[in-house]
Amino acid sequence: MDSTVVSTGTEGKTWGGGNRPLGSSYGKLMMWFFIVSDALTFSGFLAAYGFSRFKFINEWPIADEVFTHVPFLHGQELPMIYVAFMTFILIMSSVTMVLAVDAGHHMNKAKVTFYMFLTIIGGAIFVGSQAWEWATFIQGDYGAVQTKGGNILQFGEYVTVDGQEKFKRISIDDFAVSIPDARVEHERKNGLWFREEGTLPDYTVNEIYQGLAANENILVRSQIINEEGQKTVLSREESLRQIEKNGQLVVKGANLQVNEYGTSLFADFFFFITGFHGFHVLSGVIINIIIFFNVILGTYERRGSYEMVEKVGLYWHFVDLVWVFVFTFFYLV
Amino acid sequence: MAHEHKLEIFRGTVKFKSNTQKIWGVLIFLTIVTAIEVVLGIYKPESLMTPLMTPFEGGFFATLGNILFSPVIYMKSLNLIFILLTIVKAYYITWDFMHMRDEKASLRRMVVWTAVFLICYLIFILLQEGGYVFEVYNGEDALIKKDF
Numbered sequence: 001m002d003s004t005v006v007s008t009g010t011e012g013k014t015w016g017g018g019n020r021p022l023g024s025s026y027g028k029l030m031m032w033f034f035i036v037s038d039a040l041t042f043s044g045f046l047a048a049y050g051f052s053r054f055k056f057i058n059e060w061p062i063a064d065e066v067f068t069h070v071p072f073l074h075g076q077e078l079p080m081i082y083v084a085f086m087t088f089i090l091i092m093s094s095v096t097m098v099l100a101v102d103a104g105h106h107m108n109k110a111k112v113t114f115y116m117f118l119t120i121i122g123g124a125i126f127v128g129s130q131a132w133e134w135a136t137f138i139q140g141d142y143g144a145v146q147t148k149g150g151n152i153l154q155f156g157e158y159v160t161v162d163g164q165e166k167f168k169r170i171s172i173d174d175f176a177v178s179i180p181d182a183r184v185e186h187e188r189k190n191g192l193w194f195r196e197e198g199t200l201p202d203y204t205v206n207e208i209y210q211g212l213a214a215n216e217n218i219l220v221r222s223q224i225i226n227e228e229g230q231k232t233v234l235s236r237e238e239s240l241r242q243i244e245k246n247g248q249l250v251v252k253g254a255n256l257q258v259n260e261y262g263t264s265l266f267a268d269f270f271f272f273i274t275g276f277h278g279f280h281v282l283s284g285v286i287i288n289i290i291i292f293f294n295v296i297l298g299t300y301e302r303r304g305s306y307e308m309v310e311k312v313g314l315y316w317h318f319v320d321l322v323w324v325f326v327f328t329f330f331y332l333v
Numbered sequence: 001m002a003h004e005h006k007l008e009i010f011r012g013t014v015k016f017k018s019n020t021q022k023i024w025g026v027l028i029f030l031t032i033v034t035a036i037e038v039v040l041g042i043y044k045p046e047s048l049m050t051p052l053m054t055p056f057e058g059g060f061f062a063t064l065g066n067i068l069f070s071p072v073i074y075m076k077s078l079n080l081i082f083i084l085l086t087i088v089k090a091y092y093i094t095w096d097f098m099h100m101r102d103e104k105a106s107l108r109r110m111v112v113w114t115a116v117f118l119i120c121y122l123i124f125i126l127l128q129e130g131g132y133v134f135e136v137y138n139g140e141d142a143l144i145k146k147d148f
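Residue numbers (the working numbering), protein chains in the order written: chain D, 1 to 333; chain A, 1 to 148.
I should point out that these hints are in silico values taken from the structure, not numbers from a laboratory. Mixed in with the good hints there might be a few duds.
What the hints assert, rightly or not - Computed footprint of chain A on chain D, listed as stretches where at least three residues anywhere in the stretch have a Cβ under 8 Å from a Cβ of chain A: (1) 15 to 24; (2) 147 to 155.
To be verified - Calculated Cβ distances over 12 Å to all of chain D for the following chain A residues: (3) Gly12; (4) Met53; (5) Gly58; (6) Tyr91; (7) Leu143; (8) Ile144.
What the hints assert, rightly or not - No farther apart than 20 Å at their CA atoms in a straight line, the calculated lysine to any residue pairs in the SDA-like style are these: (9) D:Lys166 x D:Ser239; (10) A:Lys145 x D:Arg241; (11) A:Lys104 x D:Glu307; (12) D:Lys111 x D:Gln257.
Model, not experiment: these values are computed from the prediction. Ideal Cβ placement from N, Cα and C applies to all residues, glycine included.
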């Protein structure tokens, strides 16, 4: 590269320029720097998650009970399986990426094209899976009642499975009674035109309470984790008392204010961390597509080096690396 | 630019003939580790649900010991295993997929040490603070009430 300074008198010496002490090109080095800074961003999020979790350590939702769904297997409780599948997809697309980089070192255009294509497919499957996870999480399945103090009360009954007594969750749709005098949603057309309100919940707390009172078998489960590492199930009297006295809002699914799984921070962090990661995967897929077309057009063949594939590969592996940590800290620990 | 790859993993116990073979080998290893994590996560063996050690009682040295051994005193063994396996996975992704193994030591240290130091610091600070806030919320003289 030309220097703007004509002569420094240090040519050929250590500080004379033109050295590559790290043995790496400018682009790769900058990608590494970016990765370090992005790693710090993600660890900031995960550490903040840890902070909030430590704050509410005895009432944090149990991830196994939240993420139990697998597409096409409706109604079955399969904790972890789908997330493990997503992890595997992402590791697999990392492998095809590194194979593309390897093929690039051998200047094998056909192979680079093929492996880049597989990587893009893997990334697309992952983003799609994450969208599905979000949809399932937002929709929710059992519903709960939020108390005045912001605690979440869930419902269920004791059933005997294979000789063992287990607490099985029951959806509010299955027992809530319908009381016709419930308030209708305020809309501009049926009330004050300058006032609006959000969608009302499907049930009022009273409807839930009447349904609970009518079904002797149903019990309330509080957020508090007991000695066995499970959520505390209240007695029948206490269940009725809690809903009647403290119940304030019927919740189904999740948004940023409230969620049926437990403390509201749980959903906030879920949306924020997996969303930020999903956004990285999405941008990774887009960059991969750009590079893919460049490979097809022969840009790197003419340039004589497939280093660009290597750089985007570094980013792609980093996204995989982050997911490994998100998987552990959000779903396993 | 020459592209030599170091073809051995596990400190030289496993050697691969080509870079492609090494990639598949690492994939198999990572898949096994993930499978172990998932199986442990689903079955949650009873013996791993408690920390390995109980906290030391006593004065200054007990506190010091508790800090030094905090991963085995305050963390469920299962969670410790998860975290260790995650770090193992992260190592092989960085070293073999991102080719950190083939980079110069100076570049490797620049990236890894910086990140590891800052992340450890951040985690320590935030988790310490989180535990403290928990005490404030749930201590004997807590001014905040949430059970309503």
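Hint check against the structure, violated hint numbers in rising order: 6, 8, 12
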